[in-house]
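Undergrad: Single-letter residue listing:
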Amino acid sequence: MPNHTFTVNGKKVTVDVEDDVRLLWVLRDVLKIHGPKYGCGIGVCRACTCHLNGKAFNPCVTPVKDILPTDEVTTIEGLAPSIGKAIHPMQQAWLDVDVAQCGYCQPGQIMQAVDLVKTVQREKRQVTENDLDQIRNVCRCGTYPRIREAIKKGEAAMPVLQVTKPKKRKAKKKKPVARKPAPSKRKSAVELPQSAE
Amino acid sequence: MKHSDRPQDGEPRHDAGAPDEAPQDATTSSDEHAPDGKQISRRRMVGYLLAAPTLVAAARFMPAEKAAAEGIPAPNIADLFDLSDVLNAAAAPTYGLLAITIDKQGNANFQLPRSENGQGITTAFTMIIADEMDLPMSRVKVTLMPAEPKLLFNQLTAGSSSVFTLYEPVRRAAAVARTQLMRTAARELGVPARDLTLKDGVFTASHGGSMGFGALTEKAAVKRMIEFQPKLKKAADQKLIGTEQKRVDALDIVMGRKTFTMDLAPAGADPTMICRPPTLNASAKAIQNKAAVLKMPGVTHVLLVPHSDDVQGGVAVVARTFGQCIDAIRALKVTWSKGSIAGRTEQSIKADLAKAELPMTPALGKVIEETFTFNFRSGSALETNCAVADVRKDKAEIWAPLKSPQWAQGKIAELLKLNIESVKVNVMDGGGSFGRRLFCDGAFEAAVISRSIGKPVKLMWHRADDARHGRHHPLTTSKVRITTGGGAVLQYDQRHTAVPTDFTQGLGDYLTAAETRLPLQNFAQFSQTVFYTTANVPYNFGVVTQLLNEIDAFNTFNTSSVRNVYSPDVATATELMVDRVAKEFGRDPMEFRLAFAKDQRMKDVLNAVKKAGNWGRAMAPGTAQGIAMRNEYKGRTACLVEIDCTPATVNRKIRQAVTGPRVTKLVFAIDVGIPINPLGLKAQVMGGAMDGIAQALTYSHHLKNENFVEASWDNSAYTRQWNTPPVVEIIVMPQTTDVAGGAGEAAVGTTMAAVACAYGRAMGKMPTEFPINHNSPLHFEPYPASPPVPEVPADGLERAGIKRPSAKKKRATRKKKRTTARKPAAKTPSKTTKK
Ligand code: FES
Ligand code: FES
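Quick note, the sequences are listed as chains L and X, same order. 54 is the number that our numbering gives to position 54 of the first sequence; each next residue is one higher, with no gaps. 354 is the number that our numbering gives to position 157 of the second sequence; each next residue is one higher, with no gaps.
FYI, nobody ran anything at the bench for these hints, they're computed from the structure. Cβ atoms here follow ideal geometry from the backbone N, Cα and C, with glycine treated the same way. One should not assume that every hint holds.
Label pairs and their computed distance ranges (CB to CB) [claimed, not checked]:
1. Leu448(X) - Val13(L): 22 to 30 Å
2. Val160(L) - Lys436(X): 35 to 43 Å
3. Gln126(L) - Leu461(X): 39 to 47 Å
4. Arg454(X) - Pro2(L): 28 to 36 Å
5. Pro463(X) - Val160(L): 40 to 48 Å
6. Pro389(X) - Asp96(L): 43 to 51 Å
7. Gln126(L) - Glu988(X): 37 to 45 Å
8. Gly84(L) - Glu385(X): 23 to 31 Å
9. Asn130(L) - Gly684(X): 42 to 50 Å
10. Arg125(L) - Ser649(X): 22 to 30 Å
11. Arg852(X) - Arg125(L): 17 to 25 Å
12. Lys32(L) - Pro1002(X): 54 to 62 Å
Chain L side only, calculated, beta carbon under 10 Å to chain X, not exhaustive [stated by the list, open to error]:
13. Thr14
14. Glu18
15. Cys141
16. Ala157
Work out the full structure, taking the sequences as your base and the hints as a guide.
TA: Structure, rendered in structure tokens:
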């Protein structure tokens, strides 16, 4: 079986698994990282949502061979550490609003919410009702109204520094940016995450 | 169960006849205390101290004798005696002890004989115990109890009854613990008990000495079971009950740490899935390409799992990853038998229902009559059906989110030919239930597969299977006739006719000793009872008759009391007809309801939404308000919605979505008697309301070719963000009674009815079939029924807008393929990749 090497939640991993196995199963069944949940396996429910180099994606429809050695995969478990915090402002907002019911969909909801806020921040605007309407993540328990409320709270608490500061750093030092080549590229490549598909 | 540190399991009964060693001030009354337990049952509530190394306090609740649930209750008794009472009364004779153990760290530990699927009961019981014991909530540990045969019915989680049934006994047990700890602290500190103050689990004497629960627990322990009647805290002294508390597992959830069944990783338990039939309830006869599939990467086992009443079965595949199971399922060639609905269609079933409708009594007056149709809808949760099973020669252990774990335990023992003590069933937190997890299909399948291959398995249903072969709310019609005369309603008749709701798993077994699987027994023993105890008309409408009839055997379709049993359909039919009668009388729907509502509690919730929702405000054409009310689970609810049916809203374009009319505002008032945790209650109402909106507007399954066509969350149009009301206001009424009523399901029917009424008013025409879009063309192209699970897309990065230098070429070709594939009216279902 081929080897695949990449970074998950800040740790380099190498897995020995067939090329076309979707990343969700590599995370869950091989690496035993259980934060991302299975809800459909065909990119519909978004319960598995994670970040690839800071951008939301669905590992259930991403073959492991598409993940490059330079890639950083962040699951819900790595979200707070990725910003060097014990808890991410979006997770805190989720607690403040008491969003969760059974909780099964919530890792995916939070990862999606962070991506949405980062996207609108890059577009120098705020999350609109229309943005919220477009979120595709399923919550069968029906916590949708609290999710909307929490995203607005989380947005207010999420510093805009992801947009401005890396730029500055990029101009000054090359090293830290080299690890994250994505932001500048993403800026041009990315539309709204929801409409992107 | 083998908890040697939990002496409540059984011991109490052995010791019950022993003489009490009651401390002097214990308010026991040993003259009533008899070993046979009969006399004990005369009292409503009994507290105990149990023999253990540390303090264990317990209680059991004895409902008054009048609560006899013998036989089938007469129609229209739901006002006095509802489903909560049936579940309670059925629990009474075998009610187990509910025990709280104080450990040496000073924590109070309680095993809840219920399942938690997001309804917040662990949080509610943490509050109840913390409040009664003056402990911080963080020091109360509520976990889910494994299957315990001695508890019998009492372990069932159904009918929104948990808080109602357990509030008093749990509180009582906590009071026993507090009282005994206080008595011990007084002795140890050498002061009278009244000299002590208790705060955060520490007693402090006026002279300054103090002792915590942890230090006291061994000293407070007893050697024999002692009956004990503690004083409960006065309502005025309760600090937590009635306050808004967040979920106790919220932090674990948002950090991705909450453990669901499929997050368990017992050694050797490999991913396992089942290839399911192309038609409902067919059985696998032969595997045509077993050797080839066994050669696929990661695949270790391929085996036939025979279909039976308990096990849906098919062909099981075990592999290194679930992804490889899915690949194997798509590659399998299986010979199937005919299914359970061979030769029938949705239309023919509807015709069967019409034939089975019970006749009305003759009417004496002016009659308004209408028949409503309620289509199949899925009870799937987001977490699919799943279980981990480790079956050895002489014992078995199962982990699954189960609402009727004792039943599962007995059944698994039967399936594996083991005795019941050798089967351990662990109740896991579930990823939603909605009635689905009363059934143990996944656990049974996992058990028989693990037995067959001689190693543990981690079994998971595919989403497509959960949607198609999972449990459904049955197809139902409801005919309502209202007879009026002289400005009054003289008579209300309702004839409900339905595909059976399967009550044989779990519920049925504990409610009646009869064999509910015999012909007609599911109906006679259970369906009618549940119908009569949930159906009611909360109006002063003269003579009321509400009757149910069912067609087919209990297992023709895979049904369940999917959130929630009969009520949404009963309520929606009733409320639409109430609007119609109001119109007939020339009265405003709100004013009419206020005039005919049966009691003041109902009027209070109506007035609450009337005010908060600004009833009667001017609405633009194509938009309207709607109002509905309901009396259920010991509570009263009212819902006011505003709906927008204008073309601009209805025709919103969102990929793979049903947009349609949108509820733009929802105002809900709920009176549950005692609102233990208003924040949790609001969450339950919110969830139920989203369900009600879906059931009225978008959410149903279509039967074609003897199977349901929906196979994904984009096919089944459950409420999504684009359907969510932007404005939601939930009002929890202040305490009205001494009973903590149910919340889990109370909002579904009321919301569904309110949305239906609003839709009718906005369109100027009463809808008669639900959801309203059921007969519109499908908004998706169905996945094939064979292979049973859809092709897995591989373009995750592209969908996410993540560009890769090397991916350029691929993308270009794929794009081309897609645009061309789309044009010719998508004639290649097996190749179509639905996103
Ligand atoms: S499991 Fe990945 S989107 Fe549903
Ligand atoms: S909280 Fe249960 S599915 Fe969202």
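Undergrad: Close enough to count: is the Cβ of Thr14(L) nearer than 10 Å to one in chain X?
TA: This interface hint is violated because 16 Å lies over the 10 Å limit.
Undergrad: Is it true that the C-beta distance of Asn130(L) to Gly684(X) lies inside 42 to 50 Å, as the hint says?
TA: holds (49 Å)
Undergrad: Return holds or violated for the Cβ distance of Lys32(L) and Pro1002(X) against the range 54 to 62 Å.
TA: 32 Å Cβ-Cβ, so the 54 to 62 Å window is violated.
Undergrad: Please check whether Gln126(L) and Glu988(X) have a Cβ separation lying inside 37 to 45 Å.
TA: Between Gln126(L) and Glu988(X), where Cβ atoms are some 39 Å apart, the hint holds.
Undergrad: Against the range 22 to 30 Å, how does the distance between the Cβ atoms of Arg125(L) and Ser649(X) compare: consistent or not?
TA: violated (58 Å)
Undergrad: Restraint: Cys141(L) near chain X, CB-CB cut 10 Å. Satisfied or not?
TA: Holds: closest Cβ of chain X sits about 5 Å from Cys141(L), inside 10 Å.
Undergrad: Okay, Leu448(X) versus Val13(L) on CB: inside 22 to 30 Å?
TA: Given about 26 Å between the Cβ atoms, the range holds.
Undergrad: Could you check the hint for me, namely that Val160(L) and Lys436(X) are 35 to 43 Å apart, CB to CB?
TA: With Cβ atoms ~41 Å apart, the hint holds.
Undergrad: For the range 43 to 51 Å, tell me whether the beta carbons of Pro389(X) and Asp96(L) fit it or not.
TA: For Asp96(L) against Pro389(X), whose Cβ atoms are near 44 Å apart, the range 43 to 51 Å holds.
Undergrad: 23 to 31 Å was suggested as the range; check whether the CB atoms of Gly84(L) and Glu385(X) agree with it.
TA: violated (48 Å)
Undergrad: Falls inside 28 to 36 Å, the C-beta gap from Arg454(X) to Pro2(L)?
TA: Check passed, 31 Å falls within 28 to 36 Å.
Undergrad: Checking hints one by one. Is Ala157(L) an interface residue toward chain X, by the C-beta closer than 10 Å rule?
TA: The hint is violated - Ala157(L) has no Cβ within 10 Å of chain X, the shortest such distance being about 14 Å.
Checked against the numbered hints listed earlier, the structure breaks hints 8, 10, 12, 13, 16; every other hint is satisfied.
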